[in-house]
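Enquirer: Could you put together the complete structure from these sequences and hints?
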Amino acid sequence: MTMMKRVKPKEVFMGRLSHGGDLLEEISNMCLKENIQLGWMEALGAVKKARLAFYDQDKHEYQFFVIDKPLEITKLAGNVSLKDGHPFIHAHITLADRAGNAYGGHLAPGTVIFACEFRLEVFDGPGIKREYDEATGLPLWTMPE
Amino acid sequence: MTMMKRVKPKEVFMGRLSHGGDLLEEISNMCLKENIQLGWMEALGAVKKARLAFYDQDKHEYQFFVIDKPLEITKLAGNVSLKDGHPFIHAHITLADRAGNAYGGHLAPGTVIFACEFRLEVFDGPGIKREYDEATGLPLWTMPE
Amino acid sequence: MTMMKRVKPKEVFMGRLSHGGDLLEEISNMCLKENIQLGWMEALGAVKKARLAFYDQDKHEYQFFVIDKPLEITKLAGNVSLKDGHPFIHAHITLADRAGNAYGGHLAPGTVIFACEFRLEVFDGPGIKREYDEATGLPLWTMPE
Chain A
1 MTMMKRVKPK
11 EVFMGRLSHG
21 GDLLEEISNM
31 CLKENIQLGW
41 MEALGAVKKA
51 RLAFYDQDKH
61 EYQFFVIDKP
71 LEITKLAGNV
81 SLKDGHPFIH
91 AHITLADRAG
101 NAYGGHLAPG
111 TVIFACEFRL
121 EVFDGPGIKR
131 EYDEATGLPL
141 WTMPE
Chain B
146 MTMMKRVKPK
156 EVFMGRLSHG
166 GDLLEEISNM
176 CLKENIQLGW
186 MEALGAVKKA
196 RLAFYDQDKH
206 EYQFFVIDKP
216 LEITKLAGNV
226 SLKDGHPFIH
236 AHITLADRAG
246 NAYGGHLAPG
256 TVIFACEFRL
266 EVFDGPGIKR
276 EYDEATGLPL
286 WTMPE
Chain C
291 MTMMKRVKPK
301 EVFMGRLSHG
311 GDLLEEISNM
321 CLKENIQLGW
331 MEALGAVKKA
341 RLAFYDQDKH
351 EYQFFVIDKP
361 LEITKLAGNV
371 SLKDGHPFIH
381 AHITLADRAG
391 NAYGGHLAPG
401 TVIFACEFRL
411 EVFDGPGIKR
421 EYDEATGLPL
431 WTMPE
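Chains as they are written, first to last, in our numbering: chain A, 1 to 145; chain B, 146 to 290; chain C, 291 to 435.
Just so you know, the hints here were simulated from the structure itself, not pulled from any lab data.
Glycine included, each C-beta is placed from N, C-alpha and C at the ideal position.
A few of these clues could be false.
Covered stretches of chain C (in silico footprint by chain A; criterion: 3 or more residues with CB under 8 Å from a CB of chain A, positions within the stretch not fixed) [unchecked claim]:
1) 333 to 347
2) 350 to 363
3) 366 to 374
4) 378 to 384
5) 393 to 406
6) 422 to 428
Over the 12 Å line for every Cβ pair with chain B, so calculated as not near, a few chain C residues [said to hold, decoys possible]:
7) THR292
8) MET294
9) LYS295
10) MET433
Expert: Right, here's the structure in full:
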């Protein structure tokens, strides 16, 4: 079922992430520090290496892989919502190498920031919760229809 | 000529699309149901298979192709405007396979949703209309310069 | 160090860029004309050819390359901030060819627009300045922590 919820824009941040840090961890820490529970993020930049995941839709498990070279981030898109009561980042990333070839996947821990500039939009009010979804095996958003 | 129009933010939705549905159709139906005439959408997720198009800039026609395997949506970007008086979705998508290789194109009917989380921003006021543009052969936005 | 700044949304534009124009130049000119000093842009469309760059993280220099064929823009993401006192566009782009294969990189002058539809969000107040960053060799944002 398609489900959507009207959210209330609260504030917008622009910023950049720490050189040498772990991309997913830096975003998580930033959201924890600012107590952000519901948000949407867009970013661009570069990484020293990437660790991504592909979700196996039959086995219902993530398969992780590393691209061990410098890459441009042509796009990072992610959201913040609540999982088990805590802010949780879900982000996908598109990357490109020296020859211009593009790669992508689900952002996993182990991706090292070279530089990253972002726009983070924060929403007010009750957060959106993730709960186990049987059809996909994923923690998906639950919301009134 | 570069043309732009100041638009008036009305509301923002976050939500997820129906597992197993047609990606383009689900977005269209959602906009019809909510009577959205002008909007901008960003999304991420996964598809069971993709049907995309590449616009042949010389022949002025879309060439359709299918990528018949599960893929991550590393980015979906689209907008809502008016074509022939009805809300019309124009979306491009970036995808990645199990090995992390990226693909992309103009989103066509026939792309099957595995999971998809979106931010949809809706604008107030008179919509933006698409009209036939001779130079490209495409229905492009018309607006006061 | 991760740094972020609360920015004040001022206005949102939707528009399309001039067929045949230089993609980076058209965006720059638009921002100069509208006196936009701080902004975030998302776009999709197509180009006649692309000129991109990959930043060599060791040599601290951009390496430029051309993809000399028509491509879909599956995503363009960029921001506007101040460099040497003037509005400066930093944009990354993801592209796809006739076969659906994706490419990407840092947008450089020499990319020719076929069609491009954008959302440009403008922020009020003091701009964000770029200054030379020793660790990366790049002009990065400076902002209060």
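Enquirer: Say whether it holds or is violated: LYS295(C) keeps its Cβ farther than 12 Å from all Cβ of chain B.
Expert: holds (21 Å)
Enquirer: Checking C-beta pairs, does the segment 350 to 363 of chain C have three or more residues closer than 8 Å to chain A?
Expert: holds (count 3)
Enquirer: Verify this for me: three or more residues of the segment 333 to 347 of chain C with a beta carbon less than 8 Å from a beta carbon of chain A.
Expert: Holds: 5 residues of the segment 333 to 347 of chain C have a Cβ under 8 Å from chain A.
Enquirer: State whether the coverage of the segment 378 to 384 of chain C by chain A holds or is violated, taking the criterion as 3 or more residues with Cβ-Cβ distances under 8 Å.
Expert: Three-residue rule met by the segment 378 to 384 of chain C, so holds; n is 5.
Enquirer: With d taken as the least Cβ-Cβ distance between THR292(C) and chain B, does d exceed 12 Å?
Expert: holds (22 Å)
Enquirer: When I compare C-beta atoms, does the segment 422 to 428 of chain C have three or more residues closer than 8 Å to chain A?
Expert: holds (count 4)
Enquirer: Go check the segment 366 to 374 of chain C versus chain A for me, would you? Three or more residues, Cβ under 8 Å, otherwise it fails.
Expert: holds (count 3)
Enquirer: Run the C-beta distances from MET433(C) to all of chain B and say if the shortest one exceeds 12 Å.
Expert: holds (24 Å)
Enquirer: Three residues or more, CB to CB closer than 8 Å: is that satisfied between the segment 393 to 406 of chain C and chain A?
Expert: Since 4 is at least three, the answer is holds.
Enquirer: Minimum C-beta separation from MET294(C) to chain B exceeding 12 Å: can you confirm that?
Expert: holds (19 Å)
Every hint, counting from the list given before, is met by this structure.
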